[in-house]
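Undergrad: This is what each chain is made of:
Protein chains: 2
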Amino acid sequence: MDVEQFRKAGYAAIDRICDYFNSLEKLPVVSRVEPGYMKDLVPAEAPENGEDFDKIADDYQKVIIPGLTRWQHPSFFAYFPTGCTFEGILADLYSSSVANPGFNWSASPACTELEVITMDWAAKMLGLSPEFYNSSEVGGGVVQTSASDSVLVAVVAARARYQAAHPETKMEDLVIYATTQTHSLGAKAAVVLGLQIRTIEVEWKDRYCLRGDGLRAAFEADEKLGRKPFILIGTVGTTSSGAVDNISEIAQVLKEYPDVWLHIDAAWAGVALACPEYREALYLPQINEAATSFCTNFHKWGLVNFDFSAMWVRDRKLLTEALDVTPIFLRTKQGDEGTAIDYRNWHLGLGRKFRSIKLWFVLRSYGVTGFQNHIRKGIKLNKIFSDLVEKSEILSLVTEPSLALTVFRITPPNEENYTVAAVNQLNLHFHNTMSARDDIMLTKTDLNGRICIRLAVGSSRTEETHIRQAYETIEQVASASIQSWLQTHAN
Amino acid sequence: MDVEQFRKAGYAAIDRICDYFNSLEKLPVVSRVEPGYMKDLVPAEAPENGEDFDKIADDYQKVIIPGLTRWQHPSFFAYFPTGCTFEGILADLYSSSVANPGFNWSASPACTELEVITMDWAAKMLGLSPEFYNSSEVGGGVVQTSASDSVLVAVVAARARYQAAHPETKMEDLVIYATTQTHSLGAKAAVVLGLQIRTIEVEWKDRYCLRGDGLRAAFEADEKLGRKPFILIGTVGTTSSGAVDNISEIAQVLKEYPDVWLHIDAAWAGVALACPEYREALYLPQINEAATSFCTNFHKWGLVNFDFSAMWVRDRKLLTEALDVTPIFLRTKQGDEGTAIDYRNWHLGLGRKFRSIKLWFVLRSYGVTGFQNHIRKGIKLNKIFSDLVEKSEILSLVTEPSLALTVFRITPPNEENYTVAAVNQLNLHFHNTMSARDDIMLTKTDLNGRICIRLAVGSSRTEETHIRQAYETIEQVASASIQSWLQTHAN
Chain A
1 MDVEQFRKAG YAAIDRICDY FNSLEKLPVV SRVEPGYMKD LVPAEAPENG
51 EDFDKIADDY QKVIIPGLTR WQHPSFFAYF PTGCTFEGIL ADLYSSSVAN
101 PGFNWSASPA CTELEVITMD WAAKMLGLSP EFYNSSEVGG GVVQTSASDS
151 VLVAVVAARA RYQAAHPETK MEDLVIYATT QTHSLGAKAA VVLGLQIRTI
201 EVEWKDRYCL RGDGLRAAFE ADEKLGRKPF ILIGTVGTTS SGAVDNISEI
251 AQVLKEYPDV WLHIDAAWAG VALACPEYRE ALYLPQINEA ATSFCTNFHK
301 WGLVNFDFSA MWVRDRKLLT EALDVTPIFL RTKQGDEGTA IDYRNWHLGL
351 GRKFRSIKLW FVLRSYGVTG FQNHIRKGIK LNKIFSDLVE KSEILSLVTE
401 PSLALTVFRI TPPNEENYTV AAVNQLNLHF HNTMSARDDI MLTKTDLNGR
451 ICIRLAVGSS RTEETHIRQA YETIEQVASA SIQSWLQTHA N
Chain B
1 MDVEQFRKAG YAAIDRICDY FNSLEKLPVV SRVEPGYMKD LVPAEAPENG
51 EDFDKIADDY QKVIIPGLTR WQHPSFFAYF PTGCTFEGIL ADLYSSSVAN
101 PGFNWSASPA CTELEVITMD WAAKMLGLSP EFYNSSEVGG GVVQTSASDS
151 VLVAVVAARA RYQAAHPETK MEDLVIYATT QTHSLGAKAA VVLGLQIRTI
201 EVEWKDRYCL RGDGLRAAFE ADEKLGRKPF ILIGTVGTTS SGAVDNISEI
251 AQVLKEYPDV WLHIDAAWAG VALACPEYRE ALYLPQINEA ATSFCTNFHK
301 WGLVNFDFSA MWVRDRKLLT EALDVTPIFL RTKQGDEGTA IDYRNWHLGL
351 GRKFRSIKLW FVLRSYGVTG FQNHIRKGIK LNKIFSDLVE KSEILSLVTE
401 PSLALTVFRI TPPNEENYTV AAVNQLNLHF HNTMSARDDI MLTKTDLNGR
451 ICIRLAVGSS RTEETHIRQA YETIEQVASA SIQSWLQTHA N
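Those protein sequences? They're chains A and B, same order as listed. My numbering numbers the first residue of the first sequence as 1 and each following residue consecutively. My numbering numbers the first residue of the second sequence as 1 and each following residue consecutively.
One or more of the hints may lead you astray.
Put simply, identical chains are the same to the list, so a pair is met inside one copy or across any two.
Here are the simulated DSBU-like pairs of lysine-lysine, each with C-alpha atoms no more than 30 angstroms apart in a straight line [unchecked claim]: (1) Lys228 <-> Lys377; (2) Lys55 <-> Lys333; (3) Lys62 <-> Lys124; (4) Lys8 <-> Lys55; (5) Lys228 <-> Lys62; (6) Lys380 <-> Lys391; (7) Lys170 <-> Lys317; (8) Lys8 <-> Lys255; (9) Lys62 <-> Lys205; (10) Lys317 <-> Lys62; (11) Lys317 <-> Lys255; (12) Lys383 <-> Lys124; (13) Lys317 <-> Lys380; (14) Lys377 <-> Lys205.
If you are wondering where the hints come from, they were derived from the structure by calculation, not from laboratory data.
Excised from the complex, chain A in its bound form (with noise of 0.2 angstroms):
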């Protein structure tokens, strides 16, 4: 393909994405073909010669299109929102086509001086402690893949800090806290790494969030059986319900427990402390006082495509002590003279894309003020639809509305007169009813035996009369479930 060819070709890119995004609304949010429905699409083999590059985007039409999960469409409101702005599609755009490893700062220096100042916008626009900016030479921000590659940065980091501290310590000892409630990326960190984990239990009186008392308890417990507590993976908004965990309790325990790292785990709700108004709620000036760590995910509710972690560090050195491996042939100027970060240092991997550009890009179009206005319409959108659940006769919140997640459940009329085994019966025949259409997208969790279903807003095309028209729908298949359970459940 030659410029001109990819001129055009690029044209019709554009003008086929804008095609969808018009008549997305129109389209199913969920794909409705059926596992190895590709096979019969798509030959076993390579073509030996090279096809014309119009069928082959034709194909993308005939093949790709109808086997998309819409996670951009209004009706979505299943796991978290995920990013995708038209900013963030040209600035993608724009990096794939200066594609380069970018793994050290003359790898293509704009590459790296972006990141260093667009995380440093970032840092200021959620609030964070001047400590974690990269202009203070001491913290810094860096972009990760996801949260489960920021939490496993993190760890070994945390063990690296422990071990010089602690030589004599066995990996076997060494132990991962987190909660029954923290995200599988806690426990993913723990079978990656070989570590243990400890996963609190928490309760629904305190809103599934950890306590200063829980934690105390389990390194008390554990430090009997001669376990070494390093890190602590504290979740502000969980999956589950959003929940927060009690930085404030746990910033006080870990006073006693210097070696103990704090990592915050934000990937959902950390764009929300781009708002003042939710930085106490969000436990803002007790992350900026007592975590290591910090990390959100800019690729689900704050508008950049997939993938955009963002990740703070107190103190840069912990990581590059605990992954700098330079062979000469990465050996540059600029990083033996230290004029410049190589982020290579600062991840699990060697290579690394041109992600800072669709922070660029988004944060500048939008504005803070724009940001600001996105993340509190999502709020003001979950709302409208906790304010009906609290209204309704047959459905239930679970937990105190997060942020943008309602948690609820249907409830059958006397439900005191059936057992939770019986009620989570009802609640995964409406889950398995919702997941059968495709006009609106529902996920389910389970909350310390109960099973529950979320709703989370979030996507930037969602408005009122979606989420109106998506309880409205709720309501009705609630209400046919409950029929139909009935019959099964008659006491």
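Dock chain B against chain A, hints included.
TA: Only chain B this time, still in chain A's reference frame:
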């Protein structure tokens, strides 16, 4: 930005990218900026209010373009090439427009299914054994971010397999095996996972490749000390000199060590397996016989834009048993029924980009024949360069050229009268002089104490004229370096 604004900005972006490629040859290869250049061009805070996108895109031109190292430039010969094709750019554009975290089948069926199919396309094109195909439903292929991630996944899975077979093993006793020529990804995996690594010395006479005897000796010595070998990273095409470990001898030794996982890191050279004439020299039959996992980066020499590290395993259960962590909110009908691959259990994180579309576009547009032609062209161009070096009186080959890589040294008249250190100084002087130029980019390396210069061909835009021009420049600079060096090293 609404759809019509996006259409306008999108066309403009395509035009800018066309301009970039049209002017590429006239641009410097190496950016002329100094560390910190961007601080004067970009404010320290995000704007309060949104800005016009035309202004933002203009700033891309003013701020980013001057700070790029042009890996796409026909005179870029540093590191290894990085893929950047128009097909790859278009694929990234489409992929970004349907941003989704792709962690399981239902998160976007098309993403998983296209990866399943195109990784089989690639496996067939490279001549991998059917055991590695996804269609085998036993082994399979997966896209990782980089070769570092691929090796991390392999080491984690190898550790899990070893510990399952030998539950009494202490982490402290486990040893990763590699050579002194293995890419730093080996050392980094050890650092990340907190495991020991043994780098076996390799010799010039063996062309810096690992032999069976060296491996056996290392195993035997370590086992006497109670250490547990559990994985060997064998390299097919080292970064320093393109060395190919003797997989035939290695496979023989490993027959006696069935607990040791053989991971083949063919990050750079692996794509050359597309051409049948290189398969024997790259030990394809032995890889097919003995490798537990195999990795090659299509984003290097393989025409696919970063990131696209292709990894295959002989038994997918080795990955899923080591990495599967499935909380309720990630459970799906398809996952529970086993009708679809959930790729999140094949890599370290959770979320993953839709990357297979890049390979799909590239392999369809080029065809297998076009892909082979690209590889053969790189090797042919490198032969032209290495032939010139062989004929030169002041340059000499350090080791036989490997595929599209030549490693050479500047050799002064009567070299035998100088110490290695003195000749190293000459080569460093040469490399420093070259690094100060912006019309060509080369990297240096160290082969068993000798500083050498690498010239890696493979950018899809490099032609014979660029090779001859590069040679002329190198010879001129080398000649001047010798003159200046002789003044300080008069015998």
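Undergrad: Confirm or reject each hint.
TA: To see whether the hints hold, each was checked on the structure:
1. Lys228 <-> Lys377: Answer is neither: 44 angstroms inside a copy and 57 angstroms across each miss the 30 angstroms cutoff.
2. Lys55 <-> Lys333: For Lys55 and Lys333, the Cα distance exceeds 30 angstroms both inside one copy (48 angstroms) and across copies (34 angstroms).
3. Lys62 <-> Lys124: Between copies only: 25 angstroms across chains, 44 angstroms inside a chain, cut-off 30 angstroms.
4. Lys8 <-> Lys55: both (13 angstroms within a copy, 25 angstroms between copies)
5. Lys228 <-> Lys62: Answer is neither; intra-copy 55 angstroms and inter-copy 52 angstroms both fail.
6. Lys380 <-> Lys391: within (17 angstroms within a copy, 75 angstroms between copies)
7. Lys170 <-> Lys317: For Lys170 and Lys317, the Cα distance is within 30 angstroms both inside one copy (23 angstroms) and across copies (29 angstroms).
8. Lys8 <-> Lys255: neither (62 angstroms within a copy, 55 angstroms between copies)
9. Lys62 <-> Lys205: Cα proximity of Lys62 and Lys205: none, with 51 angstroms in one copy and 55 angstroms across.
10. Lys317 <-> Lys62: Close neither inside one copy (50 angstroms) nor across copies (33 angstroms); limit 30 angstroms.
11. Lys317 <-> Lys255: within (21 angstroms within a copy, 43 angstroms between copies)
12. Lys383 <-> Lys124: Answer is within: at 27 angstroms inside a copy they meet the 30 angstroms cutoff, but 53 angstroms across does not.
13. Lys317 <-> Lys380: neither (41 angstroms within a copy, 45 angstroms between copies)
14. Lys377 <-> Lys205: within (29 angstroms within a copy, 68 angstroms between copies)
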